[in-house]
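Protein sequence lines, in the order shown, are assigned to chains C and G. Under the working numbering, the letters of the first sequence match residues 40 to 456, in that order. Under the working numbering, the letters of the second sequence match residues 5 to 256, in that order.
Quick caveat, the hints were computed from the structure, so don't treat them as lab data. Incorrect hints may appear among the rest.
[Said to hold, decoys possible] In silico negatives: residues of chain C with every beta carbon more than 12 Å from chain G: (1) 54; (2) 157; (3) 276; (4) 279; (5) 316; (6) 335; (7) 369; (8) 409.
[Said to hold, decoys possible] Covered by chain C, according to a simulated footprint, are these stretches of chain G (three or more residues, beta-carbon under 8 Å): (9) 23-36; (10) 92-101.
Computed from a predicted structure; not experimentally measured. Note that CB positions come from ideal geometry on N, CA and C, so glycine has one too.
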Amino acid sequence: MMTDNGDITTASVIAPPRSEVGVIGWLRTNLFSTWYDTTMTVISLVVVVWLMWFGLTWAFGDAEWRVIGTLGGQFIIGQFNTESACPGQNCFWRPQVGLLLATIVLGMAWGVAGGGTAKKVALAVAVVAAVMSLIPYSFERMGMDVRILLVANIPAVFLGLAITRYTPWREVKHVAIVGVASFLLTLFLLRGVEGLPGMHPVSVIHWGGLMLNVLLAVAGIVLSLPIGIGLALGRRSQLPVVKLLCVAFIEIFRGVPLITLLFMSQVLVPLAFPENFPQNSLFRAAVVITLFSSAYMAENIRGGLQALHPGQAEAARALGLSGWQITFLISLPQAIRNVIPAIVGQFIALFKDTSLVYIIGMLDVVEIGRAFIQGNPEYLPSARELFIFLAIVFWIFTYGMSYVSRRVEDHLRVGTR
Amino acid sequence: MTASDETATTEEMIVCRDVHKWFGSFHALKGVSTTITRGEVVVVFGPSGSGKSTFIRTINRLEEHQRGDIIVDGIELSNDVRNIEAIRSEVGMVFQSFNLFPHLTVLDNIMLAPLKVRKWPKDQAEEVAMSLLERVGIPEQAVKFPGELSGGQQQRVAIARALAMQPKIMLFDEPTSALDPEMIKEVLDAMRELAESGMTMIVVTHEMGFAREVSNRMIMFDEGVIVEEGTPHDIFNNPQQERTKLFLSQII
């Protein structure tokens, strides 16, 4: 309206200058715009190429990867299937059924989400599991049954998908119910039952490997979020006693190193439960890791709550909503959405921290490798390969979490502010 | 011109008697007394910091008054939570900064209180919400999020959201002050239509055109007291107080 039409047509007809578009334009503006840009580009390029050359020639030439194959299945389940843990029986199928249950849940998540990231994650997990059956040398005592159960992860995903397609179980809450049930069933399977063939009880000190890290991380992630929300709300409470208790909890658990807490857990957690309450080192470690993470989670969520405009709660009050309704319908959904990066950062930290259970004598995936090298000095030169392998394993998991969180953020960003 | 004939039924909707409010040691309201009858449209104006926003916020207890009585539709505002909730569900409020819930769609914003406070079934709430969106002229925005709307559209959604609770009184706290000039009219038009429907309204605003054409009464606030009140005709053409004259000369 302000400009006359002639100007608009002319402006839209003139093509942008060549330097602004295409590959050449991009390179010029981003890599070679000034002489120091050019210098930095060239130096970086040399460094990257040199590092890649060095890395690849080492990885495919000099590196001795045999240690990975030798440890094989121990990375995944630790000492679970050894003769001392499960004498005279093959107990490998029990963690494997746990994995199958997990892929069924992922398949359901895929069905509920209708594809997207959930689909990618579900398929990736199933395919990786299935491909493991093709590895020729790994997994001591790995028979045909083990391979079949691994391949079965692919139909398991589609079974989960089919459940959401052909039964009424197709909502988020159903995935949550099946997920929790699967987790508990997995714990039961791993624990075993006295006197049942194939279900020889396996003490938790023999649970290990990646399985241990994942079990602790899943329990910690699922429980620390609601506990953290409760603590954050408690810390903002008008009731002085509730507030004091929450502040004390948060500051104590945040102020003590996790290693110290893990040591203390062996002595202190038993005091918090009835004498005949069934507990073990794994349970105690899970409690401590969860509470430790909850304290950080509480502060993340409190940060999100502080950032909310006071007008939000005011508008809700003016509409006649009650305090609880305002918290759960207005404040928390916005607060949590605003701090998803911090929450996922805490999840990632928690996953990595599960390695610290080595301090109370549990053999997580890192400790399995370290203890093996220590016990077999002839493998000492392979420590480099071993730890690089472990770093990659952790990175795959943490990158997966960060990828999912970014997609969730993108999804929730629809029309914000 | 519209609601004047309805004021004949002089039913008292809001009675304020000697209302005092302190923020810490700051005396924000220094004994405000006035009565607003059913169907009346009252414009509250005055310099910033004069207590006009605080005054309308005491009516639905967003601010607590420490002395005096406020009686809304026969219910006295006290510390009784049930009274406060009863009054809040009868008094709708529209804010300067809209305060829509950004994580809910326009439709969900409007349906939230009817569903959760009034416990209406979903289809009834949706029906009412859609008819209100049509009333404020933006039914096509129902499934969008507030962040995707212009300021004027957001404020009209806020009006629809307040109306969804079927209030007897509507409070407007500077509803057009945060809007770009070209969007003020669409919001004022919605308010005008509401006034014509017989709604009891208290509007804090500097829109003197709206005050002149729509309101039945104007109240001038300064330093926590009512300086002057009267019909728009009297206030504009024959203000009695020096402060009123001075303020009007500054804003018109």
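Here is how each hint holds up against the structure:
In this structure residue 54(C) is separated from chain G by more than 12 Å, as the shortest Cβ-Cβ distance comes to about 32 Å. The Cβ of residue 157(C) sits about 21 Å from the closest Cβ of chain G, beyond the 12 Å cut-off, so the non-interface label holds. For residue 276(C), the non-interface assignment is confirmed: its Cβ lies about 17 Å from the closest Cβ of chain G, beyond the 12 Å cut-off. Look at residue 279(C): its CB is around 19 Å from the nearest CB on chain G, clear of 12 Å, so calling it non-interface holds up.
For residue 316(C), the condition that its CB be more than 12 Å from all CB atoms of chain G holds, with the nearest at approximately 40 Å. Under the 12 Å C-beta cut-off, the non-interface status given to residue 335(C) relative to chain G holds; the minimum distance is some 24 Å. A beta-carbon of chain G comes within 12 Å of the beta-carbon of residue 369(C); the shortest separation is about 6 Å. Here residue 409(C) stays apart from chain G, with its beta-carbon at least about 46 Å from theirs, past the 12 Å limit.
Counting residues of the segment 23-36 of chain G whose CB falls under 8 Å from any CB of chain C gives 0; the rule of at least 3 is not met. As drawn, the segment 92-101 of chain G meets chain C at 7 residues by the rule of a beta-carbon pair under 8 Å; at three or more, the given contact holds.
Violation of the numbered hints given earlier is confined to hints 7, 9; the remaining hints are satisfied by the structure.
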